[in-house]
Amino acid sequence: MMMHLTALRRAAQGHIQTPRLETPFHARLAALSETNDWYSWAGYKAPHSIFDTELEYFAIRSTAALFDISPMVKYRIRGADAERYLNRLTLRNVAKLGLGRVHYTAWCDDHGHVLDDGTLFRLGLNDFRLCCQERHLPWLVDSAAGFAVEIAEETDEIAAVALQGPTSFAVLEAAGFAGVEALKPFQLSAFPHLDGTVTISRTGFTGDLGYELFVDAKHALSLWDRLWAAGTGFGLKAIGYDALNRARIEAGFIVANADFITAEAALRADRERLPDEIGLDWLVDAEKPYFNGRDAIFRAREKNSLKHILIGLEIEGNIPAEGAIVYHRGKKEVGLVTAAIWSPLAKRNIAIATLSRPYGSRIVDDLWVEIYALRELQYQKLMKRARIVARPFVKLDRRSANPPGRF
Amino acid sequence: MTSFDAIVIGGGHNGLTAATFLARSGRKVLLVEANDALGGVARGYDFHPGFSSPGLAHIVNRLDPEVAAALSLDDRRSEPAPTVVLSPTGRHAVLRGGYGEVIDGVSQEEAKRFKELRGKLVFQATILKRFLRRRPPEIGEMALADFATLAGAGLGLLRKGREESRDFLRMLLMNVADTADEYLTDDRLKALLAFDATLGIHLGPRSPTSLLGLYYRLTGEMRGVTGAQVVANSGGRSAAAAFEAAAIHAGVTIRTGTPVARIIADRGRATGIVLSSGETLEAGAVVSAIHPKSTFLSLTDPAEIGTGFRRAIGNIRSRGNVAKLDLALERVPEFPGAAAADLSGRLVIARSVDHVEEAFNPAKYGQFSNDPVMEITLPSLSDPSLAPSGGCTLSALVEFAPYALADGWEKGKPAFQKIVLETLERYAPGLGDSIVAVSLLTPADIEERYNLPGGHWHHGELQADQLLVNRPVNAASGYATPLRGLYLASAGSHPGGGISGLPGLLAARKVISEKRA
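Residue numbers (the working numbering), protein chains in the order written: chain A, 14 to 420; chain P, 5 to 521.
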């Protein structure tokens, strides 16, 4: 049948009918949502909260929480040169990433500026999945020139959900994932689900005991139902990003384009960051083969030309210092708080901040933050003392306990 | 395993120049060349029994004086070769001396106008020339000497008055057609400027910035005469042979017929090469005098260079537009209207600016010109050894013949060859009957014969966006590359192509200026 050219063109542009996509789990989230509070995560409709951020946070820390991470950008990298390719692309040594293991890593442009951070899953000897916040297909494809690798974006095809919290293992066990107790932190394995498989990794963004489950989008709802049914006796709750964000701050994790600006998103030249400037210096491996940005990173170290530093702060009082300016001696502006909460678990007022060196590196005392607390249309200006502390702010033994606890 | 201070990849004239200067600085230098003979595009070839071509570079017009001195070229030779702009009417214009210091065949008024324009362009080219004989400045890390060059250029302009400075800035990025129209009325002279400005460049005379090509031509000099030219092999000695002799004299170890398989690199540092035979050679410095694309896309492991850098190298525009014709002739052809003595110079077929522009138009769409423009030499008149006695060779660079011909060269070449020969016949009636053999190299053939990506003798388009700090790409514009220990010395580096030796000389200087590894 002949179709008119305009009709053909329109048919190929169906995506504009749905400017905001729904994730494979959306039907379940929408049914559970009491707050109807949505935002856009990489073009997908994602919940800020489902019923109550406070209670959702405590689900993470006291029972178990289910968080839809399908909008996370996912790339599949396969081929004989996959390891060599990823070694050139990313900071850490991929040769050391064992089969069935996951590691946190980051990647830079030629100037050593961080393009993104993310997790790299080794699904097979020559088969990897890279998960991250921003989209990077052109960079990944350009990087592939000269390598025997295939790069595919599978954000749409693969649904993913994070199951986090002290009873998360118990939920998986009750859901019948036999053998899941053998998973150690940063380990992954495939488990049968209906006529397919679900890949479960002991990873997460909460600093708690937790798992991430990856499944074909067509099996997403059945997986959700399987977990939900198993979770009834273990306090399983669906949660939104606001609750997760509190947990991740406690765990000291950073978020791209929230705690630092990625090199491709930065419009101003001084906003780009070297790994050492956002606390990722520990990822840089001098012994591994060449990688993008290597020379620039080591030159900056050699020349002592690093300009910024990302640190954890503990601030007096209990008012979260989000967006606050950091001062030295209460006068000189030396940095900015990018994330802050009152931590219910640590019972401390904590923050992640970026300072201009030498503040935060050589000069670490006499730091203050200026908090503007809005009180019924009037700002109350608070100058609070801040102290540099180690991240994570909260460390939980159950996160890495083997075998994982049932609770 | 043998160890050298420096290994030069590629025995073209820039590789030989770099090797010569490195060896003269006391370094132990090895030069490896894939072909059995040295000289690169200045390397001659036999194209019919008894008939030889001087190579792609049939004219030398920009040999750097310092390089020339190192070659100990014989300086006692004759006048610069003339350029005859052929007219279908037989009334040709002849430029003598350094780019038409004297002109025959035009009116006195026109000669005066040409003199004025020539003076202006040569002056402006002199300002630009300061930048050609040194490394491009590093943006953000300007050295004192860079400021000195800039200040010198500024002062050079101001000495001539404000008006000249303004005019320089006005004209710098103009097109050659408008410039020619501004000063001249004679179509033959305008056509010559249009031809010379665009020869070897993917621009027509009316394309913006096309005047840069003419400036580049006028930054050249031969034996101290700006704009002068010499036909290759004049005096019976090829440029390739002179470069080779200088390298041998300087003590360079030369291995021909020795293709390089790859450059050895580890964690950002190049330490040597592996030959296609499997042999490994180490050196403190590896100087690559082949096309930057060959260097980084063929010889270097992508895992050893950055994504952005490799992408930039891959994006270098390097598609040739010029075909090379060699004819074996039974006798010296006659070009009615041209004096016999002038036939040993350069003959140009370009009737008008429009002719050059119209020859360029199809190239934009992957088609060759149906009415091509060309420059012709008769090399055997200068070097009788190139043809049997009584015979003659004709060499021509013909435009426009795009590298990526839409219909493919296999089909297009016979058709294009027919057109080229018919064109020649119009200016030299009877030439067709005296043809013994024809050799036509399309850019695709040139690529294959000379291992030259795109068949582009400049190793990358010589246009505003690929000059100076962006030649061949910004991160490698100072001869050193992001891969420490690996240097670039080909025409793909600043200042560009033509038999000048400058990329090789400046690359050698850069290597010498750095601490030995």
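Hint data in this document are derived by calculation from the structure and do not stem from the laboratory.
Treat the hints with care, since some could be wrong.
[As the list claims (entries may be wrong)] Here are the simulated DSS-like pairs of lysine-lysine, each with C-alpha atoms no more than 27 Å apart in a straight line: (1) A:K316 / A:K360; (2) A:K394 / A:K344; (3) A:K408 / A:K109; (4) P:K519 / A:K301; (5) P:K368 / P:K422; (6) A:K345 / A:K301; (7) A:K316 / P:K514; (8) A:K316 / P:K519.
We went through each hint and held it up to the structure:
1. A:K316 / A:K360: Not satisfied, since the Cα-Cα distance of roughly 40 Å exceeds 27 Å.
2. A:K394 / A:K344: Holds, at roughly 14 Å.
3. A:K408 / A:K109: With a Cα-Cα distance of about 25 Å, the restraint between K408 of chain A and K109 of chain A holds, given a limit of 27 Å.
4. P:K519 / A:K301: 26 Å, holds
5. P:K368 / P:K422: With Cα atoms ~21 Å apart, K368 of chain P and K422 of chain P stay inside 27 Å; holds.
6. A:K345 / A:K301: 40 Å, violated
7. A:K316 / P:K514: The hint holds at about 22 Å.
8. A:K316 / P:K519: Holds - the C-alpha atoms of K519 of chain P and K316 of chain A are around 18 Å apart, at most 27 Å.
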